[in-house]
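Put the two chains together into one complex, using the hints given.
Listed here are the chains, written in short residue letters.
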Amino acid sequence: MALRELASLEKYLGLKKPNKYSTQGDKKVPVLQNNNGPPLVGQVTIACHLVKEAKRAELLGDGAEGRAVVQQWLEYKVTKLDCCCKEDIKTILKDLNLYLQDKVYLAGNQFTVADTLMYYGIHPLIVDLAIQEKEQYVNVTRWFDHIQHYPGVRHHLPPVVVLRNRIYTGRLH
Amino acid sequence: MKLFLSEGNPHCLKALAALQVTGVQCGVHYVNHEERVVPFLSRPAVPALLLPSGLHLFSPNAICRYFFEVNGQESSELCNQWLEWEATDLQPALLQGLYLAVLQGKGSEVSNLLQGHLNVLEQSLSKGGTPYITGDAVSVADVVLWAALYPVLSESLLALGEHSSLKSWFDRVAAMHSCQSAAQKVLQGKGLQGMKSYMQRQPVPQSSQSRDAQPCNSN
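Taken in sequence, the protein lines are chains X and E.
The first sequence begins at 0 in numbering that gives the first Met the number 0 and counts up one residue at a time.
The second sequence begins at 0 in numbering that gives the first Met the number 0 and counts up one residue at a time.
Here chain E stands alone, though its shape is the one from the complex (with noise of 0.2 Å):
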């Protein structure tokens, strides 16, 4: 089993934060932004896993649930229900974010597009009253929704000041050892300037609030 990454791509740090919290068994191998890793798509794709039978994994979010699930830790529905949220809601935006912040130094905007997903997270985590996402374990949901959040909440493009709940889990995932050294592996300790190489090879992304081209398959 293979896990490749590449520096200064965010998505990588969720698949590395999620092996280094279960400790499963495989090894890792840093590839540049342009390695073709995964043989059928056309665009570069990484973080991805080689699997024992020879299938690779492309979805970070799939990673993550494999590495949890090897260690024993099935994905609850309120799991799933966090990760499609992730992947289909937070995801976009905070790309959008990134591209703001990192190629056109526009991070002031970052808060205004995150704040309705930051206050989704809030109010979960405050009426939920747990230590983290899905009760009161770490689960696949927390590693994967932090990590998605680290590049923007470390480097202070947000002020959490009304969304203490938020703050305290995120600060509580992020003082684990096994996610501080991801971090430190992935980003490298260079923040928002260590995912310019990677951010510049990426397709502009859609804005949601000027979607002038209608997507084709909407209705």
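For reference, chain X alone in the conformation it holds in the complex (with noise of 0.2 Å):
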């Protein structure tokens, strides 16, 4: 999985090679043959190593407190949504609805990587929510919508359904 998502991020950033990939250890975390030194170990220490590569800064978060946030999400998306179990499910989305409440993106008003790998991370919940519960984390979804018809970053994915009306109505009454 993480390596499908790197994948896509590589495309995305519009790198013309592909590099190659391995994984290590039970829980198959990838790894990146650097020319240049010792391989780099672990999906977000490698997507932010591509976006350098890519000369694509401004994706790692505007300023200290842009960056601090931005690793903040990455950080997220592989301790919280990789290995999220059942009972995790709605307390995450319940969560960044609320977040997203205010924001366009998770760094707020600027598109970062952070956005595009939890996007990813995000997917497999998404595609498993009913109607009714798209409704309910609108925040969530809303941000989901945007980002996979953000050009060039869903890739690997099948795209999901979002209504933009609501159907259920009945709690507001």
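Careful, some of the hints might be misleading.
Said to hold, decoys possible - Stretches of chain X that chain E covers, calculated by requiring three or more beta carbons in the stretch to come under 8 Å of a beta carbon on chain E:
#, region
1, 41 to 54
2, 61 to 68
3, 72 to 80
Everything labelled a hint here was simulated from the structure, so no lab data went into it.
We put the CB at the ideal spot given by N, CA and C, even for glycine.
Right, dumping it as structure tokens:
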């Protein structure tokens, strides 16, 4: 999974030559053989390396604050999303929904690599949501729909239908 | 800018040590374990840093990284790699170890649980031949890893007999006054007992050995 996500990130970044990856350990942690030094291990580490290689440093966030926020969501993706069990899903969606209430992207107003990886990580959760649940997490689905239509991001993942008009309005009355 | 900490929470040691090592100006507020500092998270998350922009950082490693960057030390690729390893690999094992030691009185099992991780660190330190993990100067990776290991290493739950490079590194970081005083403030010199009330409020960690429930995102 992590390897396919990195391959999609490479395509998004427009890197000409696809890298070859291996994995290590039971958890299949991605490893990138690096010509300029020791191999790089871990999805977040490799993703940030690819962004720099593509000379797209702006995708790592703006200023010390922006960069810390981006790193936080990248860490969230690999620690919380990638190994979440059923009980965690509702909490994750609820928290993200509240967080995204007043934001266009995870780092605020700027699209970053955190949006890309979080989108890959949350895709399996969104696919499983019923329409009514999608409306319950309306900020998450809005963000998700925005990112899946962001030019060049979706790649290995099928599109998920997100309705823009509410069907279930019962709770509001 | 405000840093929220709670006493007896081992994750807070990272944030306070990083703040003191870098000397960044930031107000420190102590709250209780239940306090919901980060408005969008359902579970209390401390340490938390309220940034000047009004955004919150709730990941201890992101907080440490931010302090170092404000101080002019941007995290290198090697640093990134250690921080990711700490969060994804070391932390789950550590939490399980602390759970066993603090709440179940099974401190003797911690050693087995963490042996592999200690070997990784020992190998890297002895091969690298530098006093700190990523080179000749203290980096965010040193502070994060030291603070993560402090609760188990300072309580002698683990013998570092065969890990001589790791032991010298640990003692070297521990000798820094800013780290010493952070440990004293967060853990109050009460050792494992001091963490009890925090650990009791945490969900039972998933055992890596008996993982019967498959994570939903595994393939």
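Hint-by-hint comparison with the structure:
Proximity of the region 41 to 54 of chain X to chain E, defined as three or more residues with a beta carbon under 8 Å from a beta carbon of that chain, is established by the 6 residues found. For the region 61 to 68 of chain X, the stated coverage by chain E is satisfied: 5 residues place a CB nearer than 8 Å to a CB of that chain, which reaches the threshold of 3. Interface restraint, the region 72 to 80 of chain X with chain E: holds (5 residues with C-beta to C-beta distance below 8 Å; minimum three).
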